[in-house]
Amino acid sequence: MPSFEVTPIGTVRNNRTDVQRTDNWGAVRSTITIDERFGEACLQGLEGFSHVEILFIFDQFPEHDDYREPRPYRGRSDLPPVGVFAGRGPRRPNRIGVTCCAIESVHGRELTVVGLDAVSGTPVIDLKPTMEEFCAVNIKQPEWVSRLMSEYFQP
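Heads up: the sequence shown begins at 1 in the UniProt record's numbering, then just goes up one per residue.
Hints were generated in silico from the structure; no laboratory data involved.
As the structure is a prediction and not an experimental result, all values here were calculated from the model.
One should not assume that every hint holds.
What the hints assert, rightly or not - Each pair of labels, with its calculated beta carbon distance range:
#, residue 1, residue 2, range
1, ASN15, PRO123, 15 to 21 Å
2, GLN60, THR7, 16 to 22 Å
3, SER3, LEU46, 27 to 33 Å
4, GLU69, ARG13, 21 to 27 Å
5, GLU69, ARG37, 24 to 30 Å
6, GLY75, THR130, 27 to 33 Å
7, THR33, GLU143, 36 to 42 Å
C-beta atoms are modelled at their ideal positions from N, C-alpha and C, and glycine is treated no differently.
With the hints as extra help, turn the sequences into a complete structure.
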């Protein structure tokens with residue numbers, strides 16, 4: 001398959017630096033500073049939205065060398081093995097993460113959000129305002145996911 005190159009548009013800054021600390025992201029306040037090449041008005045209009053989808057790179061995690069065998073989620077033996085595309089973890093092809101976050105403020109090239117599950121220094125590759133028409137309805141997921149995620153976005 002052809003490959004492509006992605007250049008970050010900005011960087012995350014927050015008080016989280018430990019990539020092994022994987023829960024309690026709900027109250028994490030992050031500021032994303034957009035690269036100056038986009039100008040001071042690059043976020044204009046985003047303040048009218050309540051949420052933004054943030055695409056970022058899990059740059060502090062290597063990809064696995066083999067994705068063919070399902071693995072227990074987060075390495076937990078109490079969870080069923082799943083294929084690489086049935087999870088949202090950082091050790092994945094292309095290491096792309098995406099999270100929908102509440103917008104706290106927009107100032108020039110700085111966007112402050114709450115609930116971003118990315119450590120300080122993480123490269124951001126895109127931002128998309130969250131629009132109702134793009135949000136899924138009637139979500140279905142296995143019971144174990146709710147157990148796993150019960151503390152993920154807790155403060």
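Now the hints, each set against the structure:
The beta-carbon spacing between ASN15 and PRO123, approximately 18 Å, falls within the hinted interval of 15 to 21 Å. The hinted range of 16 to 22 Å is satisfied by GLN60 and THR7, whose Cβ atoms lie roughly 18 Å apart. Restraint check, SER3 to LEU46: a C-beta distance of roughly 31 Å satisfies the suggested window 27 to 33 Å. For the pair GLU69 and ARG13, the beta carbons lie near 37 Å from each other, so the given range of 21 to 27 Å is not met.
In this structure the supplied range 24 to 30 Å is violated for GLU69 paired with ARG37, their Cβ-Cβ distance being about 42 Å. As the Cβ distance of GLY75 to THR130 is approximately 31 Å, the hint placing it in 27 to 33 Å holds. Between THR33 and GLU143 the C-beta distance comes to about 40 Å, which sits within the given range of 36 to 42 Å.
When each numbered hint is compared with the structure, violations occur for hints 4, 5.
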